[in-house]
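Enquirer: Based on the provided sequences and hints, a complete structural model is requested.
Number of protein chains: 4
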Amino acid sequence: MLTYDYPKRVRYGETDRMGYLYYGNYAQYYEIGRVEWLRNCGISYKEMEELHGIIMPVVSLQMRYVRPALYDELLTIRTTLKALPDRFVTFQMEIFNESHKLVNGGTVRLCFVHSPSGKSVHAPDFLLQKLQPYFEKN
Amino acid sequence: MLTYDYPKRVRYGETDRMGYLYYGNYAQYYEIGRVEWLRNCGISYKEMEELHGIIMPVVSLQMRYVRPALYDELLTIRTTLKALPDRFVTFQMEIFNESHKLVNGGTVRLCFVHSPSGKSVHAPDFLLQKLQPYFEKN
Amino acid sequence: MLTYDYPKRVRYGETDRMGYLYYGNYAQYYEIGRVEWLRNCGISYKEMEELHGIIMPVVSLQMRYVRPALYDELLTIRTTLKALPDRFVTFQMEIFNESHKLVNGGTVRLCFVHSPSGKSVHAPDFLLQKLQPYFEKN
Amino acid sequence: MLTYDYPKRVRYGETDRMGYLYYGNYAQYYEIGRVEWLRNCGISYKEMEELHGIIMPVVSLQMRYVRPALYDELLTIRTTLKALPDRFVTFQMEIFNESHKLVNGGTVRLCFVHSPSGKSVHAPDFLLQKLQPYFEKN
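Chains as they are written, first to last, in the numbering used here: chain Z, 2 to 139; chain G, 2 to 139; chain F, 2 to 139; chain X, 2 to 139.
These are computed hints drawn from the structure, not numbers from a lab. The structure displayed is predicted, hence computed values, not measured ones. Idealized CB from N, CA, C, for every residue including glycine. Some clues are possibly wrong.
Claimed, not checked - Derived DMTMM-like pairs: lysine to aspartate or glutamate, alpha-carbon spacing no greater than 25 Å straight-line:
#1 Z/9 with X/50
#2 X/9 with Z/74
#3 Z/9 with X/126
#4 G/9 with G/95
#5 Z/83 with Z/95
#6 F/120 with X/74
#7 X/47 with X/87
#8 Z/131 with Z/37
Said to hold, decoys possible - Partial selection, computed: residues in chain G whose CB lies under 8 Å from chain Z:
#9 9
#10 24
#11 25
#12 29
#13 32
As the list claims (entries may be wrong) - Chain G residues, not near chain F, derived (Cβ > 10 Å throughout):
#14 44
#15 79
#16 106
#17 120
Expert: Right, here's the structure in full:
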C-alpha cells in the first residue's frame, strides 16, 4: 500500500455561488493527486506519454461528497494504491480539510493505452518495477 | 420515468492534450443536464435557491467513460429520473455523441438543504407536485 | 463588418462565491463566440485544424468588465469582425445580459500557424474567399 | 515596487488539444498570483471579504501570449505592484517557464466594493498601511 499526500489550495475561480469548491472541480484534484503520487514514485506521467507512448484514460470514477470545502482552504489530497496495476490501475482518493476532516472520498480507475496503435495494453514494465518493491515490503 | 435530452457542443477549452473532452468536465455536463431537465418540468433551479431557500448539494457521483468525446462534437446529454425524490434525488445520466453512441454514463445523487438553517430537508412540495403526474401516468 | 450573436447560459460551475460569472470564464465565452461566428460564415474551425493544418493561437486579449453576469442568465455573445484578416485576425467581442445591457466588452487577436511546420502564416485563401463578399458589400 | 513569485504547475485538465495551457486558464493564474502576493504582504483576501466586507471585482484585463506553456511545466507567476492602490489597484503580471522565458504578460485592474452596500470605495486603510512601508523605501 502506497500513500502520498499533496497540498492544494481552493481558488476563487473554483468556488461556486454556494461558496463551496464546485463539485465538478474534484476530478481535477484527483488528477493532481495521482500525478504527484506517480512523481513521488519516480515516474513522470509526461514522460510516460512522450517517451513511452502510453496514455492513461480514465475508465470510471466514483465520489462521495462528505462536507463542503471552502474558499482558500489548504486541502490535502491523499492518493493510495492498494494493488499493483494490471491492465487497469485504481487509485483510492481522500481529500481532507485543514481540520483533518474528510471532505471527499472516492476511487478512480484508469487503463493503459499504447497511443500510436490505440490499443489497450498491460501496465508497462518500468512502472511495475518502480512499484513492486513497495508491495513486497508489506 | 422522465427523460430529457439537451445538446452541448464540446469546446476547445474543454479538451485536453489527448484531444478528448477532459474527464473532469463531465460533471459540469451532468449539471447542465439536470438543470435543463428541471426547467423542462417547469422548475427553475435558480428560483428554488432564491425564492425557496433550497440548495441541492451533490452527495455522490459515479461515472464510467465509455468512449472519448472529441472537439466540436455536438453531444446529447440525456437525464432521466426513475423515482420520485424523497430526502434525495438521483439522476441517471447518459451522454451520446453525434453517431448516437454512448460516450459516458453515470448517476448523480443530490440532497435538499434549507439554506438559511443549513438543515437537510425532504424534497419540497412544489417540486413533488410538478413531478407526480409523470409518475402516475406510468 | 460582420456580426454574429450566439446565446450562452451562465452555469453554476461558472459562478464564483461572489455569485457572479467568474472573470476567468469570459475567455471561453470569447472562444465560443468566434467559433460560432466562423461556423456562421461556413467555416469549421475543426476542419481548419484537421484538413488544412492551420491552428489559431491567441496573441493578445483585452477585456473590460462592465457589470456582473449572474447565475442562469442567458447571455448573448456578440462577435464582430471589422477588418479582413492578414497575418492576424482581431475579433471585437461584446457580451450582453437578458436586459440587453453590456456585461463585458473586449478584443481578441489571433494569428495563423501552419501546424506541421510551426510557422506563422498569412490567413488562408479559403477563409478570405468566404469573408471577402461581406466586406465588398459595405 | 513590490514583486512576488509563486510557482504553479500546468495540469492536464488545463491543457487543450493543441497541447498548450488553454488561453482561458491564464486569468486563474493571475488570480493565484495576486492572492499569494497579498498573503506575502500579510493580507488574507478571504479575511478582507469576510471580516471587512470588501470584495475586489476585476475591472479590466490585458494579456499578451508570448509563447506556449506546456503540460507539466512548473511555471512562475510573477506579480508586481508599481503604485499604491487608490480606488483601483493594478497588478503587473508575468508568467515564466522553467527556462525563465516569458510565456505571458499582462495587467489586471480591480476595484474595491463594500459588499453590504454594493458601493465602490477607496482601498481600505489596513491594506494601505501594510503596503506604504514598501513604497517609502524606494
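Enquirer: Does the closest beta carbon of chain Z sit nearer than 8 Å to the beta carbon of residue 24 of chain G?
Expert: At about 4 Å, which falls below the 8 Å cut-off, the nearest Cβ of chain Z leaves the hint on residue 24 of chain G intact, so it holds.
Enquirer: Assess, step by step, whether the Cα of residue 120 of chain F is no farther than 25 Å from the Cα of residue 74 of chain X, and give holds or violated.
Expert: holds (23 Å)
Enquirer: Please work out if residue 9 of chain Z and residue 126 of chain X have their alpha carbons no farther apart than 25 Å.
Expert: violated (31 Å)
Enquirer: Run the C-beta distances from residue 79 of chain G to all of chain F and say if the shortest one exceeds 10 Å.
Expert: holds (18 Å)
Enquirer: CA of residue 131 of chain Z to CA of residue 37 of chain Z, is that 25 Å or under?
Expert: holds (15 Å)
Enquirer: Does residue 44 of chain G sit more than 10 Å from chain F, CB to CB?
Expert: Consistent with the label, residue 44 of chain G stays out of reach of chain F, its closest Cβ about 12 Å off (over 10 Å).
Enquirer: Holds or violated: are the alpha carbons of residue 83 of chain Z and residue 95 of chain Z at most 25 Å from each other?
Expert: Holds, at roughly 13 Å.
Enquirer: Would you check whether residue 25 of chain G satisfies its interface hint, that is, whether its CB is within less than 8 Å of any CB in chain Z?
Expert: holds (3 Å)
Enquirer: Under the criterion that the straight-line Cα-Cα distance not exceed 25 Å, is the pair residue 9 of chain X, residue 74 of chain Z satisfied?
Expert: holds (17 Å)
Enquirer: Is the shortest C-beta separation between residue 29 of chain G and chain Z less than 8 Å?
Expert: Since chain Z brings a Cβ to about 5 Å from residue 29 of chain G, closer than 8 Å, the hint holds.
Enquirer: Hint check: is the beta carbon of residue 9 of chain G less than 8 Å from a beta carbon of chain Z?
Expert: violated (14 Å)
Enquirer: Hint validation: residue 32 of chain G versus chain Z, beta carbon distance must be below 8 Å. Holds or violated?
Expert: holds (7 Å)
Checked against the numbered hints given earlier, this structure breaks hints 3, 9; the rest are met.
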